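As given, the protein sequences belong to chains A and B, one line each in that order.
Take the first sequence: its letters are residues 1 to 409, numbered as in the working numbering.
Take the second sequence: its letters are residues 1 to 227, numbered as in the working numbering.
In case anyone wonders, no lab produced these hints; they're calculated from the structure.
Please read all numbers here as calculations on a predicted model, not as lab measurements.
One should not assume that every hint holds.
Here are the simulated distance ranges between beta carbons [unchecked claim]:
(1) A:Leu372 with B:Ser111: 39 to 47 Å
(2) B:Ala171 with A:Leu302: 56 to 64 Å
(3) A:Ser2 with B:Ser59: 34 to 42 Å
(4) A:Val303 with B:Glu186: 38 to 46 Å
(5) B:Ser39 with A:Gly288: 53 to 61 Å
From the structure, some residues in chain A lie toward chain B, with a derived Cβ separation under 7 Å [stated by the list, open to error]:
(6) Asp4
(7) Gly115
(8) Asp226
(9) Pro227
(10) Leu314
(11) Val318
(12) Ala320
(13) Thr321
(14) Pro402
(15) Ile403
Even glycine gets a Cβ: it sits at the ideal position worked out from N, Cα and C.
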Amino acid sequence: MSLDSWVELLERLARHPLRTALTMLAVSWGILMLVLLMAAGTGLENNVRWEFRDDAVNSIWIYGGRTSRPFEGHAVGRRVRFDNDDFASLAEVPAVDKLTGRFYPRGDTTVSYDGRKGSFNIRATHPDHKYVEGTLIVAGRFIDELDLKERRKVAVIGQEVVKFLFEGIDPIGEWLNVGGVNYQIIGIFEDVGGPGEMRQIYLPITTGQLVYGGGERIDQLMFTVDPDMTIDESERLTEQVRGQIARHHHFDPSDRRAMRVRNNVERFGEIQAIFGWIRAFIWIVGVGTVLAGVVGVSNILLVSVQERTSEIGLRKAVGATPSSLIGMVMQEAIVLTSVAGYGGVVVGVGLVEVVRRYVPENDYIRDPQADLGVVIGAVALLVALGTLAGLFPALRAANIDPITALREE
Amino acid sequence: MIRLEALNKSYVMSEHSLHVLKDLSLEIAEGELVAIMGSSGSGKSTLLNVLGLLDRYDSGAYHLGGKLARDLSETEAAKLRNSHLGFVFQSFHLLPFKTAVENVALPLYYSGVARRKRNAMAASMLERVGLGDRLDHLPSQLSGGQKQRVAIARALVTDPKVLLADEPTGALDSQTSTEILELLLEVNAEGRTVVIVTHEPDVAARTRRVIHLADGRIGEDRRQEGG
Ligand SMILES: Nc1ncnc2c1ncn2[C@@H]1O[C@H](COP(=O)(O)OP(=O)(O)OP(=O)(O)O)[C@@H](O)[C@H]1O
Ligand SMILES: [Mg+2]
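Please take these sequences and the hints and turn them into a complete structure.
Right, dumping it as structure tokens:
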């Protein structure tokens, strides 16, 4: 396209400023909606991901309950309590990756150090607990197998505990008193789960069971699975685990109350599926709006070619070739859609940026974002569609019969 | 320059077809000045459109400067119209939103002449037709005679060999008509072939050859002392 054709185009667009502006507005609006919808979608999704940030999304948690069906002569309402045998039997299951139990010490668990006292949560766990809960060791180490084997009196404490009890002191190697028993601190952790999760104190589960009268008892079991595991597979695995536990504790495997399950694979998978639908919806609405804009461009160009029939006829008479006329209309279509599309993207991305900067953190949307790659793809698509939109009016212009056109006056 | 051999043209409409040009044979040499006359509907405009490569014919042959019109693609026809032919219409057909200079420069746009150069060429052409002081006027700010001068300047700006005028004075008063006719005679005097369709005997009287069309055939082809 020559420089001249650009001057001609600008003159032509400037001749109908309102029409040009409205046509472009329709296209810009379409792209703007697409960008905003996409940003809102990712914002919602990010928020849900954030809600899940604490625990491994590929984890399954099981808790003992009370039987609600009679089984093998046992009465209803019996408590199901997991124990070390359950842990051992789950460890045998190939699909179970990281496995940990959790035991909550009973009785007096007041925590103190050097005269300072505090109330913190105590969890006695296996070494793999750090994978399931998303625990990040920042100093020292987490509980290990040897701690378990020798029932060592050691503790791993969260940053909040450090802040509260160890102002200006390195806690590693210090002795922490929990309900009258001293534990040597071996590690400090952070947890993306926030301050609540960092008020925890972890002990080896064997030590906890011994010191706080737990015997072989385990309050809950958690394990991770292959991240690629499907929802169906995770459900089958859960049933297998339920069967093993039921056999050991003599309850009806179909008794849902006897053992409760929190299947994060399933929960997260379902939410993922919902977001798949939301994303599809956004695309349908967004692309629909963009298409409406493109059809608008095509219409306006048709009207404009129609209006300019006699002008185009004269241009043909003085030497305009069919291809030069096609070029003229196509150029207009492409310029209108790409400039308007680009404008929509700029405004949309700008608005999203404003929201990110000035809208406070809330429970619904977190870190809204329009994927720039996708947006650029959308604009490229728009320009392609604009070309397509221009094609029909362009061919109409090229096919104008100069004689008929010049006779109309 | 122009040679027609047994040329036929019909307009096909939904139910019937109208045979407008019937076995027309005609030769116009380079540099000739020809008037075409005939009653309304006799096919004068149709003939001129065929000559101007704006319309196709059904059978026979039309040679323009040695080229057979039928063999030309649309693009080739457009290029020939641009470089070899100039048109003048009864109703001027100036683009209303372009100034006199821009209107005259339009054919040069399609021959790929740069903007500055073509505007200069258009301006000097306007000066030649006596409108040197109206360069930046819009058509709506010009009289009928002035508009036709602009149209003639536009037809001449690519230095064509042939000028085709369909009732160029049809919309003008007699005084202005005479001026426009003088201009066309000058164009012919430069050596260009000029074909004028006209109803006015006064106009025809000034040419050296008058062809009368009657019902799509040549009724009379008369050479005379013109000028
Ligand atoms: N596009 C068309 N479709 C059908 N018929 C047409 C078309 N153009 C012209 N005609 C018919 O062809 C015949 C010749 O028309 P043409 O315009 O050549 O006449 P003309 O000699 O120029 O007449 P006038 O002096 O009135 O301008 C007329 O009967 C006209 O109605
Ligand atoms: Mg006519």
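Results for each hint:
no., hint, result
1, A:Leu372 with B:Ser111: 39 to 47 Å, "holds (45 Å)"
2, B:Ala171 with A:Leu302: 56 to 64 Å, "violated (32 Å)"
3, A:Ser2 with B:Ser59: 34 to 42 Å, "holds (40 Å)"
4, A:Val303 with B:Glu186: 38 to 46 Å, "holds (43 Å)"
5, B:Ser39 with A:Gly288: 53 to 61 Å, "holds (60 Å)"
6, Asp4, "holds (6 Å)"
7, Gly115, "violated (91 Å)"
8, Asp226, "violated (65 Å)"
9, Pro227, "violated (62 Å)"
10, Leu314, "holds (5 Å)"
11, Val318, "holds (4 Å)"
12, Ala320, "holds (5 Å)"
13, Thr321, "holds (4 Å)"
14, Pro402, "holds (5 Å)"
15, Ile403, "holds (5 Å)"
Violation of the numbered hints given earlier is confined to hints 2, 7, 8, 9; the remaining hints are satisfied by the structure.
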